[in-house]
Structure formats: structure tokens, C-alpha cells
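A.B. asks: Fit chain A to the supplied structure of chain B, relying on the hints for placement.
Chain by chain, the residues:
2 protein chains.
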Amino acid sequence: MVTERKNIIFIVVDGLADRPVLSLRGLTPLEAASKPGMDRLAKIGICGILDIISPGVPPGSDVAHLSLFGYDPYAVYRGRGGLEALGAGINISSDDVAFRANFATVREDMTVIDRRAGRTFPEGDKLAEALNGYRSKNFPDIEVIVRHTTEHRCVVVLRGPGLSHMVSDTDPHGESKVLESVPLDSSFEAKKSASVVNEFTRHSYEVLHNHPLNAEREKRGLRPANILLLRGAGRLPDMPSLKELYGLKAACIVANALVRGVCRAAGMDVIEVKGVTGGFDTDTNVMGYAALKLLDEYDLVFLHIKGTDSASHDGDIEKKIFMIEKADSLVSLLLDSIDLGHTYLVLTADHTTPVSVKEHTGDPVPVAIAGPGVRSDGVKRFSERDCAKGGLGRLQARFLMPILIDYLGLSKKYGA
Amino acid sequence: MVTERKNIIFIVVDGLADRPVLSLRGLTPLEAASKPGMDRLAKIGICGILDIISPGVPPGSDVAHLSLFGYDPYAVYRGRGGLEALGAGINISSDDVAFRANFATVREDMTVIDRRAGRTFPEGDKLAEALNGYRSKNFPDIEVIVRHTTEHRCVVVLRGPGLSHMVSDTDPHGESKVLESVPLDSSFEAKKSASVVNEFTRHSYEVLHNHPLNAEREKRGLRPANILLLRGAGRLPDMPSLKELYGLKAACIVANALVRGVCRAAGMDVIEVKGVTGGFDTDTNVMGYAALKLLDEYDLVFLHIKGTDSASHDGDIEKKIFMIEKADSLVSLLLDSIDLGHTYLVLTADHTTPVSVKEHTGDPVPVAIAGPGVRSDGVKRFSERDCAKGGLGRLQARFLMPILIDYLGLSKKYGA
Chain B
1 MVTERKNIIF
11 IVVDGLADRP
21 VLSLRGLTPL
31 EAASKPGMDR
41 LAKIGICGIL
51 DIISPGVPPG
61 SDVAHLSLFG
71 YDPYAVYRGR
81 GGLEALGAGI
91 NISSDDVAFR
101 ANFATVREDM
111 TVIDRRAGRT
121 FPEGDKLAEA
131 LNGYRSKNFP
141 DIEVIVRHTT
151 EHRCVVVLRG
161 PGLSHMVSDT
171 DPHGESKVLE
181 SVPLDSSFEA
191 KKSASVVNEF
201 TRHSYEVLHN
211 HPLNAEREKR
221 GLRPANILLL
231 RGAGRLPDMP
241 SLKELYGLKA
251 ACIVANALVR
261 GVCRAAGMDV
271 IEVKGVTGGF
281 DTDTNVMGYA
291 ALKLLDEYDL
301 VFLHIKGTDS
311 ASHDGDIEKK
321 IFMIEKADSL
331 VSLLLDSIDL
341 GHTYLVLTAD
351 HTTPVSVKEH
361 TGDPVPVAIA
371 GPGVRSDGVK
381 RFSERDCAKG
391 GLGRLQARFL
401 MPILIDYLGL
411 SKKYGA
Chain A
1 MVTERKNIIF
11 IVVDGLADRP
21 VLSLRGLTPL
31 EAASKPGMDR
41 LAKIGICGIL
51 DIISPGVPPG
61 SDVAHLSLFG
71 YDPYAVYRGR
81 GGLEALGAGI
91 NISSDDVAFR
101 ANFATVREDM
111 TVIDRRAGRT
121 FPEGDKLAEA
131 LNGYRSKNFP
141 DIEVIVRHTT
151 EHRCVVVLRG
161 PGLSHMVSDT
171 DPHGESKVLE
181 SVPLDSSFEA
191 KKSASVVNEF
201 TRHSYEVLHN
211 HPLNAEREKR
221 GLRPANILLL
231 RGAGRLPDMP
241 SLKELYGLKA
251 ACIVANALVR
261 GVCRAAGMDV
271 IEVKGVTGGF
281 DTDTNVMGYA
291 ALKLLDEYDL
301 VFLHIKGTDS
311 ASHDGDIEKK
321 IFMIEKADSL
331 VSLLLDSIDL
341 GHTYLVLTAD
351 HTTPVSVKEH
361 TGDPVPVAIA
371 GPGVRSDGVK
381 RFSERDCAKG
391 GLGRLQARFL
401 MPILIDYLGL
411 SKKYGA
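Line order of the protein sequences matches chains B and A.
Note that our numbering gives residue 371 to position 371 of the first sequence, counting from 1, and the numbers run on in steps of one.
Note that our numbering gives residue 263 to position 263 of the second sequence, counting from 1, and the numbers run on in steps of one.
Isolated chain B (complex conformation):
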């Protein structure tokens, strides 16, 4: 018998899980939506619920995906900045400390007038370039890399020896004074890093304040983008790739930069697919066809749909149901096309975002796995409550990946 290598399509629908909603007669948006594909998946698969971190703890998207990819976030997570930078396509090393940054407008006394220099911001590349490569005066072994990403946003990376991500933001997250970055632990590395951050922040004002592009902006009646506000210091998580761990060749189709960063940190190839966006307009059909093609080459293809979470944060029930139904059509397309004799289809969420709360909560999320040899369990619908009765029971999310690896036949026996 020829053993064909098995593979997996792994779908995460962001913020999919919810709580019962009064205006839906006590149903959750997932229960209220029309989702024949997901229900078919639940019917033929094994279902359960996952605690993304642990019961009652609301996860951020970065930590949630680390967990879903099999890592213990308490052991590997070192802040958001590094993952965000990686997701934006910036290659950083595990010693670099990265920040998310905004071009913003301040008065001379460092009071923030506007945290965003503008959604439309054609000057971004050139202003970032004017700051890029700055070398610290206090610590000449540290270089600062500045890369414009989208709109008013950029990534700032501190590079050099002896740095730490345990430093606070300069971004006041409101219209008050620019904050002084302070070390968040007593290490020399944290003190050094905070010092460089403060020095670079002053430098950014000096350079941007006097930059001719800002003089032009002011002539056009626009506010000058005269400072960079830094937040979310982070280093890359300290972890081996899925390839190193399991010999797994993995690809992802993900628009969201932060989740993309986690995928890259796990060693996935990022596949660009035209039409796949992080918005409500994303094309789940082209995503589906692209995923099917990738199965020829990869053991695991990870797909991420963001709109459900955005709708939840907006408290928009209709839009959430619309996005669930869009995600459902992806599930149907894949179920119609894959060979369930050697391809697994896995569906879950990265956290609960109730439309009533508009924030992530700590409730568990449903999961279903269909494919060869799974112990299907009589669950007939894919929902928060139906899956709670499934054969997987209630699990920590970081155990999902080992289960999938075992289905693929790539797990290692412990003991003799």
C-alpha cells in the first residue's frame, strides 16, 4: 500500500465565537447564521471547545495564534512589536526590539494634537527614510531602523547588543503630552532601551519638525507629521518553527499584519492572494481556490478571515452574520473539493468577541476537525454550544496542533 502524505487546511475565523444575543432570540450570531458548510463539517468531524489561553482569560490575536499553532504563549511571547514588524515584511532578528509607531502631530511643548498624521499620507516613505539609520548618541552600538507600512503607521526597530522589550510606550494613546519611555524591569537592558527610545523620539521631532515635506503639508492646510509615537515594544517570540518541531511545511493566506507575523514566526510561507483582504470585502472564493492549489506543495495551509472580529468590535450583528456566511461559503467550497481521505479540514476561532461586549472575552471557542480517522461524535451543528458536547471535550488551544500533527502521522512516540 502506498501511503500518500496527508495534509491540512486550517481555517481561523477571527472573533467568530460569541455569547447568546437577546435580539437573536437568545442565539449567538454563529447559531443564527445560515452555515450549511460549517454544519456539514461538524457532522462529519470531531468537535470540541478550546480555551485559547485558559478559562476566562481574553487573548490578544497574537497570543491566540501562537497558542493555536501549538506554542505556550507564557513561554514564548515577548510582546507585539516584533510580530507586527515581521508581518509587515521586515526581517528582524530575535535580538531586535520592534515598535509600532504613528506619525503624529505635536505642539512645541510635546502635547499631542493628533495621534494620526492622516489616513492618506503620501509623505510616509520619505519621512521614514529621513529617520532611518539613526545611530544613538548615548549608545553608539544601537541603530534605529524606520520603515513606513500603511497610512500613518510605521515600524521602528532598535538593533544592536543588549536591548530589551520591557519598556513603556511614548504614545500617550490620547491628546496629552508625549510620554517618557520607562524601563519595565530593573535590567540594564531595559534602561538602555528606554533611553534610546526617548533619545530617538526627540530626534524624530527635530528632524520632522524641520522637514520640507512638513512645510509643504502646512502650506496645504494639513497638520505637520512632526513626531513618531512608539508603542507595543516587542521582540520575536523565542520559538522553533513548525518545520523544526514537526518537519511540517506550512503556508498561510493572511491579510492581517499581526497574525501574518505570528505565521512567519512559526515558519509559514506567506502567500499573497489578490482579493484576499482583512476587510468585509475579502474574496473567500479566491482564497479557497488558492488554498486548494497550495495543498500540492504544503502539509498545512492556514487561512485567516478577519471581518467577523471587526464586525464584533463594531457591535454590528448583521455584519457579523454576513461575514460568518461568507466564511461558510469557503468551508463549503473546500468540503466540495478536497479529498477527505487524505486532507483534514479544521475550523475554529482565535477568541470570542461578543457583539454585546465589543472586546475579546475569555469564553472558549468551538472547533471541528474532519478528515481520515477522526472519531466523529454526533454533533450536528457548528456552534459554541453544540461543539461543547463534542468528542474532543474542552481543551487548551495549544493542544490542537499536536492532535493535528498526530493525525498527519508526524508525531513522535514518548516512551518505548
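Don't read these hints as lab results, they were simulated from the structure.
Because identical chains cannot be distinguished in the list, a pair is counted as satisfied if it fits within a single copy or across any two copies.
Only pairs whose alpha carbons sit at most 27 Å apart, straight line, appear in this in silico DSS-like list of lysine-lysine: (1) Lys358 / Lys326; (2) Lys319 / Lys413; (3) Lys243 / Lys358; (4) Lys43 / Lys389; (5) Lys219 / Lys126; (6) Lys274 / Lys293.
C.D. replies: For chain A alone, coordinates are given in the frame of chain B:
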């Protein structure tokens, strides 16, 4: 939209859970009791079962409540004495080592004739006062505080630097010789503490043996209360309050001193309610009305009913069912009165105490949570076996509090 702050009433029915009983045709006392309130709670709520510590480990009441309040007992618990002292209203610091103690009768050769000087013991306050404030001769930096509580019982506290609770009892728990306290680890602190305990025990005999109140007792044909027997060395658990952890303002109505001590250690305000006792005669109606009033001021109101456990220790099935039905009337009263749109009602037990075993066992206990946004699960009855099919699944008890905190919207996101 005005976001009203949500709150919780959290009921623990002590030793409520049980095993199937032959004389109840294989039902548990909880299954056999008439309990429309509890069943209604299960129906509208989400249910599950809790391992108080871990499967098969029978918990003491102190450790059980630590766990139910969200603490890891293996990390924070440091013996019973400190909690008991706190529950008796004695303010002790985290460095003090406290003991439960009995006034007892010994012969001159230190053989115990009677471990209890008497249930009716009017001399308690004065004899305690005669010992209170003793300063160790071997370690003059150590002072001994003695406080009479109820009947023949008192609390003994060692106060001063360099003490440890890792010392054994002097109470032989039977009619043999008074024991020498020995250090239970190799630390200097344990040696010092055991030495003070032994020195104080001899001192208690010298003082009490010659005390005029004992001469009077003997004249009346009573045995002299001529020694203090110490047991259950403990320091306060090393833990932050619920306020410090979650910003939670909590109150409790609890008659039992030990459970009260855990409540105080968690930072709860202890509310005295006339008619609430630790016995079979406790008035659950006044408890209910008092709880409803406390909701105006507190985020969490904790209620404790003890009689079910006492009945179980006595092996008294009738009495246990009687107490379950009494607890049920409390649940009905609360369900009829609270606004389930912003108040959660939580019901569980601190451990299983089978009437057939008459001791705590390690079986899991049922739990139900009703309130806004809970994923009700189709469970129709509140019992050990029905709740095992609920949407919460099987959880460690220390995860219950994070789930409740998350429902209240007070949880902190991990990650970005």
C-alpha cells in the same frame, strides 16, 4: 447606552455533592431532594463539574475555598492556623504563626485525660488572659498571643521575626502523652518555632495547674483545664486580595470560622447576619435578603451554608436532604428577586462528602452559573450527574473565578 456594573451572588453549599446511595434507589441526596430553585438555575444557566484540587484529591474546606476564589492552593496555602485565627476575628500578620488550641486536662506525667476541658467553659477568657503576652525565654524576640474563642477552644499566635509554620502538633489527638513539637523541615525557623511551642506548652501547664480558677473547678468536681494543646500550625496564605487582583469589591455571609478566614484572606468584608449560623437551624431567608441588600454596594457577595457537610459527616441522609432543600429555598428566593440582566447567580459545593463515607472525597462537584450572556446548555437539573453534561465541561475549580471575572468585564487581555 449606560453600562451598568454587573455583580455576582456566589453560593457554596458545603459538602453538598455525594455519591449514589442504595437506600435512595441509587440516587444521590442532591438528586433525591426536592430542589426546584436549583433546577431552575441549571436550566437557565451554564453547568459543569469542578475538580476542587485535582481528580481524586479530597480537599479540606480551607484549601477548597482558596481554589474556588481563584487561588492555586499549592502556591499560596500555608496551613490552617492562620486562616482559623483570621476567621475568629484575630488580626494577624503574614509573619505570625497561628495554632488552634484546646484547653485540656493532663496528669502530672503529661498524659492527656481529656482533650476538652468542657463544652461549657466560662473560665476560658480568664485562663487565656493568664497566658496571653508570654515572652519566650529562649527567644526573647517572640511573644505568644492567646485568645479564647468558643467552648474549650482558643487561638495561639507566635509573633516575632524568623518563625515558620512547619512544626508538628503537641495535641496527641487522643488520650496519650502530650507530644513534643518537632520541626518539619531543616530550617532554623522551624527549629526555633518548635522550641517556642514546647517551651510555651510547659509554661501553660505551670500557669494553669496553679491557677485559682482551676482549684475552684476541682472543688465543683470538674477536671482542671491545666494545659493548652496546640495543633494545625499555619501562616496566612501568601496571596493578593480579589480587590488587588481584579478590582473586585467582595463581601461574605459565612458563619464557619475557617471559611470566614479564607474569605478575609481574599479581602472580603465579613457581614454579620443575625440568624445565619453554621448549624441546621440557619435562616436562609434572612441570608438571602441580606445578600440582595449587599448587591447595592458589592461586586461579589459570597454565601456559605454549612449544615449539608455536617449532616454528611454524621452519615445522616435525611438531615442532608433537609439542608439541601433549605439551601434550595435560598436559591429560589434569589432567582425570584435578582435582575438576571446584570446579576450572576453561581451555585456549587466545596467538595463531595458522601453520607456513605462521612469524610471528604475527591469526586468533582456540580456548578451552575446563570446571568447575562452565559451559554445555557440544555441541562435541566442541578445534580452531580446532570451538570457533568453541561457546557462548562470539567474544570479545575480555580478557573471558576477567572470565568466570573470575565463575565463581569474585569478580566485583562493577554497579548495584543
